[in-house]
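Trainee: Note that the protein sequences, when read in sequence, are chains L and Z. Note that this note's numbering has the first sequence beginning at 1, numbered continuously upward. Note that this note's numbering has the second sequence beginning at 1, numbered continuously upward.
These are computed hints drawn from the structure, not numbers from a lab. Keep in mind that the hints are not guaranteed to be accurate.
As the list claims (entries may be wrong) - Quick partial rundown of chain Z residues pointing at chain L, CB under 10 angstroms, derived from the structure: (1) F96; (2) M102; (3) Q105.
Said to hold, decoys possible - In silico DSS-like links for lysine-lysine, alpha-carbon gap of 30 angstroms or less: (4) L:K179 / Z:K18; (5) L:K115 / L:K179; (6) L:K179 / Z:K65.
None of the values given here were measured: they were computed from a predicted structure. Cβ atoms here follow ideal geometry from the backbone N, Cα and C, with glycine treated the same way.
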Amino acid sequence: MAAVAEERQTTRRNPLLRELGSWSSSLKCGAAITLLIVLAAVFAPWIAPYDPNAQDFEALLMPPGWPHLFGTDSLGRDIFSRVLYGARIDLVIGFFTTYVPMTYGVVLGAYAGYKGGWFDAVLMRIIDVAMAFPFLVLIIVILAILGPGIQNIYISVFILAWTMYARLARAEMLVERTKDYMTAVKVLGFPQRRIILRHGLPNVINSSIVFSASDFVLNILLVSGLSFLGLGVQPPLPEWGAMIAEGRDFIRDAWWMATMPGFAILATGVGLALIGDGLAQRLGERHHTTV
Amino acid sequence: MSAAPSLVVEDLVVEFAKPRSLADMVTGTHPPTVRAVDGVSLTVAAGQTLGLVGESGSGKSTIGKAILGLNRPARGSIRFEGKAFAERDPAGQAEFRRRVQMVFQDPYSSLNPRLRIGSAIAEVLRFHGIVPEQEIAGEVLRLLSLVGLPGAMVERRPRELSGGQRQRAGLARALAVRPTFLVLDEPVAALDVSIQAQVLNLLGDLRRELGLTMLFVAHELGVVRHMSDRLAVMYLGQIMESGPSDAVFRDPRHPYTRALLSAVPKMTTVKRQRAAVTQGEIPSPLNIPSGCRFRTRCPMAQPVCETVPPEVTVGPGHVARCHFAATPINP
Numbered sequence: 001m002a003a004v005a006e007e008r009q010t011t012r013r014n015p016l017l018r019e020l021g022s023w024s025s026s027l028k029c030g031a032a033i034t035l036l037i038v039l040a041a042v043f044a045p046w047i048a049p050y051d052p053n054a055q056d057f058e059a060l061l062m063p064p065g066w067p068h069l070f071g072t073d074s075l076g077r078d079i080f081s082r083v084l085y086g087a088r089i090d091l092v093i094g095f096f097t098t099y100v101p102m103t104y105g106v107v108l109g110a111y112a113g114y115k116g117g118w119f120d121a122v123l124m125r126i127i128d129v130a131m132a133f134p135f136l137v138l139i140i141v142i143l144a145i146l147g148p149g150i151q152n153i154y155i156s157v158f159i160l161a162w163t164m165y166a167r168l169a170r171a172e173m174l175v176e177r178t179k180d181y182m183t184a185v186k187v188l189g190f191p192q193r194r195i196i197l198r199h200g201l202p203n204v205i206n207s208s209i210v211f212s213a214s215d216f217v218l219n220i221l222l223v224s225g226l227s228f229l230g231l232g233v234q235p236p237l238p239e240w241g242a243m244i245a246e247g248r249d250f251i252r253d254a255w256w257m258a259t260m261p262g263f264a265i266l267a268t269g270v271g272l273a274l275i276g277d278g279l280a281q282r283l284g285e286r287h288h289t290t291v
Numbered sequence: 001m002s003a004a005p006s007l008v009v010e011d012l013v014v015e016f017a018k019p020r021s022l023a024d025m026v027t028g029t030h031p032p033t034v035r036a037v038d039g040v041s042l043t044v045a046a047g048q049t050l051g052l053v054g055e056s057g058s059g060k061s062t063i064g065k066a067i068l069g070l071n072r073p074a075r076g077s078i079r080f081e082g083k084a085f086a087e088r089d090p091a092g093q094a095e096f097r098r099r100v101q102m103v104f105q106d107p108y109s110s111l112n113p114r115l116r117i118g119s120a121i122a123e124v125l126r127f128h129g130i131v132p133e134q135e136i137a138g139e140v141l142r143l144l145s146l147v148g149l150p151g152a153m154v155e156r157r158p159r160e161l162s163g164g165q166r167q168r169a170g171l172a173r174a175l176a177v178r179p180t181f182l183v184l185d186e187p188v189a190a191l192d193v194s195i196q197a198q199v200l201n202l203l204g205d206l207r208r209e210l211g212l213t214m215l216f217v218a219h220e221l222g223v224v225r226h227m228s229d230r231l232a233v234m235y236l237g238q239i240m241e242s243g244p245s246d247a248v249f250r251d252p253r254h255p256y257t258r259a260l261l262s263a264v265p266k267m268t269t270v271k272r273q274r275a276a277v278t279q280g281e282i283p284s285p286l287n288i289p290s291g292c293r294f295r296t297r298c299p300m301a302q303p304v305c306e307t308v309p310p311e312v313t314v315g316p317g318h319v320a321r322c323h324f325a326a327t328p329i330n331p
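Pulled out of the complex, with its shape left as it was, chain L reads as follows (with noise of 0.2 angstroms):
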């Protein structure tokens, strides 16, 4: 009964305001840092001080202060607008790199783990095969064949990333196809394809989803690494990995060029992490209600 009416309280509150409520502090934790970087990578020509490929032979290396916050790098240019204008091109590789991977992946997977058969073998031993292979070992071997930049790192992780969601659909999609209500609606003479993807799909995405928060920050990471190597995002273009790579040079004398968009990796990583970790529960939370 205290439920019920506890129930009828928060209902009359604002939808938007009983949502946020009920998110934990781990949610709302990495919702602010990742909401507090996606709003500097969207309003950085208004924030950022200076022009990110600005070069200022007067201000070489100046450490961290005013007016450059974070400092200069070895071209004068200043960190912080280059950070700003970082997070525009790291947040939308990561976005793109794990988001368009999941979405065929975990339609695969959820085909596979539905229909079984010949489709699913097939499926589950290409996986096998590219799950065999380091991941970074592999996106390389791509890389060497199509040559490095931003467009190849993108082809190379969309013909090889969708095998982990492809996985995650497909194990939880073996559980819920024997479940009553796929039956109900086999029952009802549902069509194959309205069964998987709009009664099987939505119940068979929540690990996917939680799975792709730190898939976000391990792709970031993953392009950071591969500009840190040469293979990625090309100078001058201000990728935070990129800068890192730059920075190293200098370590012992400006440690600030490397470790600033350092920390801004760190901030995202956690933020994404901690949307994850608070995902995590709160999906399991309503898988567990309904069991």
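Given chain L's structure and the hints, the job is docking chain Z onto it.
Mentor: Positioned in the frame of chain L, the structure of chain Z alone reads:
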């Protein structure tokens, strides 16, 4: 007495095989198959309810699923209104999907956790074009009230409902296509006893109001007693005894039926009949006893039971598969 048959099942055999492992393929052996249903024939007359009773593992749910085409029979035929599912053209199969519906045992898994009750039912109406688009909302409310749920349930998700409410919602979804035949797979087994009675009463009312034909699968005789016109008692994939509900209850001829009957709790205190109680577990369907399959647990077992028992007609429409069925034993 009986109208035209709605559903006729003849000599149905359903087998389950373990998938062949790599070792099987190398050695060329086939994994053992389990006969969940072994030569079952039954008829459900239009407007009547057949109660299908048996222990878990007896194959009763498998029959229900086979009727709906959810598993492929190894042998035998299932005809709904004279036609097997495979003989129907696509339009006929779509019609079959509207005419024959199923209610599930577990109310906690029978509803899509992501869909609100209203949209789950509306989707069915829309997909099958039961009512025009603008009447869907009204039809959803009508269906909910038909199963005794308040209209406010439209906006609820399954996790906000109790077990009994979920079962009613599942029933509303099945009734949305206006079926004439319902397969009820242990519809109350997962519910509290007090809720069981409510749902059973609801099913009884619906049967009368909508003229539904039903196959009622249950493991408790007490549950089907007031619902069924006819009863079939299953054991290890075969029907042991079948007949008009009254006759089977009044004069059970198979020792297994008697054992099940003695397990029904009664309000009046009678002397405990220990002899009728079966011992032990149902044997593995991988290793079915020869002759009478019940003989390993039968209190009346004799040497003759090692031979296959005949089907003895003991009354009008009342058949028992037992060597001693002809003699009514009422100790």
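Trainee: Please write out, lowest number first, the hints stated earlier that are contradicted by the structure.
Mentor: Violated: none.
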